[in-house]
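Asks: Numbering (this note's numbering), first residue to last: 3 to 311.
Don't read these hints as lab results, they were simulated from the structure.
Note that the structure is predicted; figures quoted are calculated from it, not measured.
We put the beta carbon where it would ideally sit given N, CA and C, even for glycine.
You may find that some hints are simply not true.
Stated by the list, open to error - Computed list of lysine to any residue pairs in SDA-like fashion (alpha-carbon distance at most 25 Å, straight line):
id, residue 1, residue 2
1, 122, 100
2, 250, 205
3, 145, 215
4, 250, 194
5, 250, 308
6, 145, 106
7, 122, 160
8, 250, 276
9, 250, 280
10, 145, 170
11, 250, 221
12, 250, 234
13, 122, 109
14, 145, 132
15, 250, 203
16, 250, 279
17, 145, 105
18, 250, 303
19, 103, 160
20, 250, 307
21, 145, 109
22, 145, 101
23, 145, 238
24, 250, 215
25, 250, 273
As the list claims (entries may be wrong) - Pairwise CB distance ranges, derived in the manner of DEER restraints:
id, residue 1, residue 2, range
26, 255, 81, 45 to 55 Å
27, 240, 196, 48 to 58 Å
28, 286, 123, 22 to 32 Å
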Amino acid sequence: MTTRDIYDSGFDEDDGRTIQGTCPDCEGRLRTDSGETACTVCGLVIEDRPFDFEEPSAEISDTLGRNRTGAPLTERRHDRGLSSEIGFGTDAKGNTLSAKKRRQLGRLRREHGRARWGSKAERNLGIGLSEISRMGSALELPKSLQDEACRHFRQAQDADLLTGRSIEAMASASVYAACREDGRIETIEDVAAVARVETVAITNAYNVMNRELGLAVRPRNPAAFVPRLCSELGLELCVERRARALAKRATAEGVGIGCQPVGVAAGCLAIVIEDDGIAVTQSDLAGVAGVSIETIRARRDQLREELDR
DNA sequence: ACGATTATTGCGTTCTT
DNA sequence: AAGAAAACAATAATCGT
């Protein structure tokens, strides 16, 4: 047992969410798992990202069956989407207004803008949520995941976790937490690349959030890394599928516990590549995986040894 | 034979507890 | 501060042309 057993120790096969529909190939059940929708029986990949339940499920059930007008309520707005603006030079019918009227409206607009932020906390919330949206778009995360990040931010603020930390750091941590909880492969570095704060601040905020909020984060699952590695190397789907299967078997049998998940994924891919005599060098693999050649060799040999390959 | 790739091994470094 | 893992560097062994 090592100090890094935290990696990969509790992988659960039924982690993915089962969704409606059946596989066109074999009529098997479909489920979304680590950023893609695939058949549970034959492994056929239907979508490369989870279904986006943006509307109407992202709306808070505010209407209770009543009719409602206006934009849908959403987690991503600090006031859940209830906002109004005061226009500029024209009235409701589009007519130009007099200079006096415009000055009146200007004052009104200014006061209205101030009134929108009822308190400091509400202002922080607004900034945080808009930052989450910005980073979420930059990382091309599904809207449902962005909503989850926003919920985390709200919880963090309610738990008074923001004092002493920057809004941006906590917003970034919320994004990362949502990714981790969904079993995605984004790293803190990935989030930091689109954030306006340093990595250390995000790490700190995330650790606090994880501890205080008790996030449902599982250890990273090597199989989740395989699709990205394969697409970056331009490998065929059948190769990807076999590498994924191998990675799943490895986690199921506890091989590679305590090792970097990417390394395990790369090791699985290395085995498939070698078996097929595919023209991809170890350094190519190491390049896209972001680990050294030695690590890939070590995982590959370990997998061969302990999985009889 | 030659260059490229892979293997092997020792060792300072980095990360986690 | 200690222990494990990953990275690095030097060197040998294969492989393809």
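Asks: Taking the earlier hints as the rules, which of them does this structure contradict?
Replies: 1, 2, 4, 6, 15, 17, 19, 21, 22, 23, 24, 27 and 28
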